[in-house]
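Asker: Starting from the given sequences, assemble the full structure and let the hints guide the process.
Number of protein chains: 4
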Amino acid sequence: MNAAIRAATRSALAKKFEMVGIIGGYQGILDKNFKPLKTSDMGNIIQRGGTILKTGRCPQFVDAKYRKIAAQNLKEQDISALICIGGDGSMRGALDLWDDHKIPSIGIPGSIDNDVFGTDFSIGFDTAVNTATDAIDKIRDTAFSHDRLFIVEVMGHETGHIALEVGLACGAEEIFIPENPVTVDDAIQHIKRSLERGKASSILVTAEGKKPGRAYDLAEAIRKKSGFDAKICILGHIQRGGSPTARDRVLASRMGATSIEALLRGNCTAMVGIQNGEMVLVPLKDVTTKKKKLNTNLIKLARVLST
Amino acid sequence: MNAAIRAATRSALAKKFEMVGIIGGYQGILDKNFKPLKTSDMGNIIQRGGTILKTGRCPQFVDAKYRKIAAQNLKEQDISALICIGGDGSMRGALDLWDDHKIPSIGIPGSIDNDVFGTDFSIGFDTAVNTATDAIDKIRDTAFSHDRLFIVEVMGHETGHIALEVGLACGAEEIFIPENPVTVDDAIQHIKRSLERGKASSILVTAEGKKPGRAYDLAEAIRKKSGFDAKICILGHIQRGGSPTARDRVLASRMGATSIEALLRGNCTAMVGIQNGEMVLVPLKDVTTKKKKLNTNLIKLARVLST
Amino acid sequence: MNAAIRAATRSALAKKFEMVGIIGGYQGILDKNFKPLKTSDMGNIIQRGGTILKTGRCPQFVDAKYRKIAAQNLKEQDISALICIGGDGSMRGALDLWDDHKIPSIGIPGSIDNDVFGTDFSIGFDTAVNTATDAIDKIRDTAFSHDRLFIVEVMGHETGHIALEVGLACGAEEIFIPENPVTVDDAIQHIKRSLERGKASSILVTAEGKKPGRAYDLAEAIRKKSGFDAKICILGHIQRGGSPTARDRVLASRMGATSIEALLRGNCTAMVGIQNGEMVLVPLKDVTTKKKKLNTNLIKLARVLST
Amino acid sequence: MNAAIRAATRSALAKKFEMVGIIGGYQGILDKNFKPLKTSDMGNIIQRGGTILKTGRCPQFVDAKYRKIAAQNLKEQDISALICIGGDGSMRGALDLWDDHKIPSIGIPGSIDNDVFGTDFSIGFDTAVNTATDAIDKIRDTAFSHDRLFIVEVMGHETGHIALEVGLACGAEEIFIPENPVTVDDAIQHIKRSLERGKASSILVTAEGKKPGRAYDLAEAIRKKSGFDAKICILGHIQRGGSPTARDRVLASRMGATSIEALLRGNCTAMVGIQNGEMVLVPLKDVTTKKKKLNTNLIKLARVLST
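Residue numbers (numbering that gives the first Met the number 0), protein chains in the order written: chain A, 0 to 306; chain B, 0 to 306; chain C, 0 to 306; chain D, 0 to 306.
Rather than coming from a laboratory, the hints here were simulated on the basis of the structure. Every residue gets a Cβ at the ideal spot worked out from N, C-alpha and C, and that includes glycine.
Taking lysine to aspartate or glutamate pairs in the DMTMM-like style, the calculated list, with each CA pair at most 25 Å apart, reads:
| id | chain 1 | residue 1 | chain 2 | residue 2 |
| --- | --- | --- | --- | --- |
| 1 | A | K299 | B | E260 |
| 2 | D | K53 | A | D40 |
| 3 | D | K230 | B | E157 |
| 4 | A | K210 | C | E219 |
| 5 | D | K14 | C | D185 |
| 6 | C | K37 | B | D40 |
| 7 | D | K230 | B | D216 |
| 8 | B | K292 | A | D119 |
| 9 | C | K210 | C | D228 |
| 10 | D | K209 | B | E219 |
| 11 | C | K191 | D | D40 |
| 12 | B | K210 | D | D216 |
| 13 | D | K37 | C | E195 |
| 14 | B | K14 | A | D185 |
| 15 | B | K15 | A | D185 |
| 16 | A | K230 | C | E219 |
| 17 | B | K230 | D | E157 |
| 18 | B | K210 | D | E207 |
| 19 | A | K31 | C | D146 |
If you want a taste of the chain C side facing chain A, the calculated C-beta under 8 Å gives, among others:
| id | residue |
| --- | --- |
| 20 | G49 |
| 21 | G55 |
| 22 | T130 |
| 23 | A134 |
| 24 | K137 |
| 25 | I138 |
| 26 | R139 |
| 27 | D140 |
| 28 | T141 |
| 29 | H145 |
| 30 | K230 |
| 31 | C232 |
| 32 | G235 |
| 33 | R239 |
| 34 | G240 |
Answerer: So, in structure tokens, the structure goes:
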């Protein structure tokens, strides 16, 4: 996300605007946690993981009372528009702030799950996919050397974007995601066929689902039905950090610069997205109400390639 | 490229075709260097750099006499169609083979330079960009600690795709590519402005151009005109190898599978490409005669963000 | 471990001995799973994680009856001595084989836990420590951005070698290992002091202990006593694989070559170790009965540096 | 080096001393470029490459006149002792400062070349070796795929420590270092034998020697004598940066803490070193006059393993 902050800040300063960083998201507005941003603050940050502005949850922001305080705090600081980086929740807050107090916002999709509607890619997704892929490559070494079955759980609450890309990239034997109706029995059949062909190790990839730990349930179900003993790896938070990939940095840089252009052209409630390689603006209304779809062709491809 | 070989092989075998690997490209056809490929040969290769089938230059292939020998060798082996992975030259060979001997071919673009017409991305490009970005991050540490000017040369003969992406991803102060009319004087002005603002280190990125070593010429020109002493790094062949990124593996897997579908649908002289996220088929005629353009918006963006 | 196999094989072949690989450890001897090794089999493997010879548990080997079968199988193959790479269990098997059947063995310590007596370092330890350190660096990004407390569980059954090195390398706020009498209360005090000083994120590192999952117990205990809510990461099997570090490759190469020299000098029951940078031979009797100690100075150092 | 700065600072503050950072080495003393260091300045830096205190050459420091100014500047700031991190030159400066002005110094060896007398390892060496090894692994992919000969030049002016470790770790076919009397003819013989055995790719590693570019001379000599055409890679400054390995961080942490202990015990002209795994103090007189030796056993080992 630092690349987006850098791009928005330098683009704004180049147009002679001032830029103020809000530390800790919406909670930072309530706490008046503001910090003027200079071009030199943007030096040497593009390669850093995480965000120099910190982040935080702010459940109170759904309450109009708190948004009113936020609006006052922003006005006190002469802040006339917001750039919000985040997922669904951040976009909803921005929309509410416009509806109640006419404070314009441009959203930038930052979500490793890549589940934000209106954009092919969110910032952080490519990095998370590569981190998970790299981790599974290491696990593959052990799976191969020990002739073992592994179940690896990657992030992804309601969607399987990470799991699908990672599963394809690692040659996973089966991919468990909400959009893919694969059953425990399918997986067991697959493992048996692999064994018959002489392949003694398998890796199954699963999205975490409702809450982390789904891999344990899968392992238990497989053990009960087949006797196969699976080792479990939950990749967890390592997927959220680390130096971003080049693709994420370039994407974030483009989105950051576009967000300033959008504000200058008078947009008040839009999110910057990338569609077919081009920067687009998507109404926040759509972003907060519509659901992004997964490319189901890739599910079919994964099935063919893992046999 | 191994991911593409794996995907094409497994897709073909799933359709009950046989698959034969040619070791060493067109030269391998002349040398009858063939190897039947089984599904188990494709295990545990998706994460490997390079190619299990090796590669090689074959300048003789422009000569119809040698193509005739190749056609005979292929017929002897009952090979009825080719999948060619490579750049411009490979595509031209495939087209010539069709024109002379009606041997159908489907091309797959494999070129870290990303300069193949008809596809937004070639296999290897994303990996090369990330490797170069990672290397420049390391150089940035020294540039910062020592207050130094660095010129880093990345690959890219006639086009600046790698240099532009890498320059953006690393926050390079200036990017020298054929498509960007930046002069040595511009770079010197840029460095001077940075120094005035208190920034004592700079990194310039250049595409190698006609032949490796352009960084030396730039450093000499900068030294003569300004007295600034630049350190030079030529990243070279490290950009060609290494475990591929997830994005490259997924792209290659899709292209490999699509190449078999294309053959089955009767295509004889097409290259698989990716355009706007979708698999497409591009006539080899176009691939070998048209020139791919660079996204010039990114050049402008790089200029704004590096100030 | 591939580097050790490569070094032993090439050293043996250079002395005009033949080398046979046993696939799958002691179980491989029982199954007569043998494979002659040539120098070309050793090409391009030094950088690979895992082991080309595979590995496996063989609980039966504690039973003299099975060792007798193993001895017969070895004699049938004209195998006159063994090189065993592994941990405590492997060394015990080698010693028993000598005691019962006078088959000489040289052991090479391969254990990411680094808990083998008689050697300062075991093969795999440096790689595991670097993989875990790299993972925690990524987690630190999130801990910092979100002001969060993390508990990271690394490998290490009865000893804290990995946890201690990793904790030092990552600047962990507290390190839970068998050899370090730190309590949950100590950790809570530490976190509170950090918060008072304005540091809102902390990372605690714990060795897995008796069985994986200790991090969950710690988190629960901390939550009950202090209300602090810790996120958990269990690094697990990613620590076992991946391309080995340079240090591990050089260590393994030295040990592999030394194992052949030891056999040629007539050693029958020794393990190769590294002590103070030099190759040494340690009686297998000592290796299987004595316990390696942890450098307690490093525990004290970790405490000073994390305040 | 940041890990050493962090360890020294936190150790000193724990003993109730104040700590002042000097920005830019000895030149920083002349320029009065001082900055008080707090414990919070040390947060989140252990994983960063380079140094937060910057570095710089100061050729004037060999002149007593400038050292007198430095001594005055230090006294003005109430700085009563120095911690110097660096190579030979830094140690000499510290010794001279004691001889002339009785300002006590403790040295910490920071040199990727690992050529500082009195310590088995210098800070930065392990990181440089791993970075170079990783780069050569990538080059090996291309060498293998293209059946090519590569000459890779790593750092190392007068000593071959990096080249030797890297050569061993990468399985280099030949290693050119000052301490190893291998000739161009030897290398050509080696390459020919490899070709006869069916191995079509080779990698030669060379230390840079007097000045960068030695690889070009070697390639030219090999071409003239044998006709073999070698590709060249000069790894250069990527070896100096990047997130340090765990081993380097632990080493630097130990040395930083030990440097403060040494000052407290009244040492005035010593360098901290690591010998046989233990922290030691070495007289600066020895460090600046004696020459470190290379482990020649490793040269022999490299020869056996590369055949």
